[in-house]
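Q: Residues in the sequence shown are numbered from 1 upward in steps of one, following UniProt numbering.
List of simulated lysine-lysine pairs, DSSO-like, C-alpha gap at most 30 Å:
(1) Lys-184 x Lys-228
(2) Lys-64 x Lys-3
(3) Lys-175 x Lys-64
(4) Lys-187 x Lys-228
(5) Lys-222 x Lys-3
(6) Lys-228 x Lys-64
(7) Lys-228 x Lys-3
(8) Lys-222 x Lys-187
FYI, nobody ran anything at the bench for these hints, they're computed from the structure.
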Amino acid sequence: MTKLTLLCLPYSGASAMVYSRWRRQLPPWLHLQPVELPGRGARYDEPLQTDMRALALQLAREHKPSLHGPYALFGHSLGALLACEMAHAFRALGAAEPVALFASGTAAPTMRSDYDRGFAEPQTDEQLIEQLRTFQGTSEDVLANQELMSLTLPILRADFMLCGRFRPMQRPLLKCPVHVLGGKEDKATTEQLIGWSQETLGSFSVDMMTGGHFFIHEHEAKVIRIIKNHLEVHQRRHAQLAAPVF
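Go ahead and model the full structure; you've got the sequences and the hints to work with.
A: What follows is the structure, encoded as structure tokens:
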């Protein structure tokens with residue numbers, strides 16, 4: 001069976017563990033590879049990054065040796081920007097482009113002047129906690145837990161700076177399909193989501209779901225189904241190319 005690898009990039013403040021539940025819902029031909037970022041999870045002792053392209057290149061160098069077949073990239077929020085930069089980094093390192101890029105829950109790279117306003121500079125603990133409240137994905141009990149916040153806020157601060165300091169650049173467009181997922185009550189506008197179409201010469205789609213920023217958890221099964229449906233055609237194509245000819 002030809003397997004397709006799905007590299008998944010986490011959102012701000014999160015570790016790769018946010019995708020661990022997905023394994024039970026994916027078909028056998030789709031290999032989930034959560035991408036852990038420095039400064040969290042198993043990489044907690046590594047320094048946090050605030051340069052998006054440097055981080056994308058580092059991650060691409062780390063994962064390139066294990067890519068022995070077709071792969072796709074998925075990222076939510078910060079992870080979507082990082083996934084896009086990794087696609088370019090893989091290409092710069094001589095690897096094939098992904099068969100698809102999934103960008104979830106954030107404005108397109110060229111439409112972030114208002115979206116990330118104020119995030120280029122370090123946020124105070126109070127500002128970060130207020131941002132978490134606006135995302136509506138963290139309970140007040142967790143926000144009031146000083147020990148937990150002391151671990152989470154430095155990561156969140158660096159991740160917000162990753163986004164706030166990001167600037168689009170002129171370069172050859174991707175050729176792979178770009179599939180966007182958005183929440184109808186999320187911060188990203190329809191225009192900002194459609195702006196992702198400017199990142200590729202390939203096909204483009206948008207799927208909208210009810211819910212706010214963390215719609216990927218509210219509608220986990222639907223998100224996974226959308227990813228699987230888009231990738232099935234690529235898995236079949238690569239399986240046919242790999243089939244022996246008699």
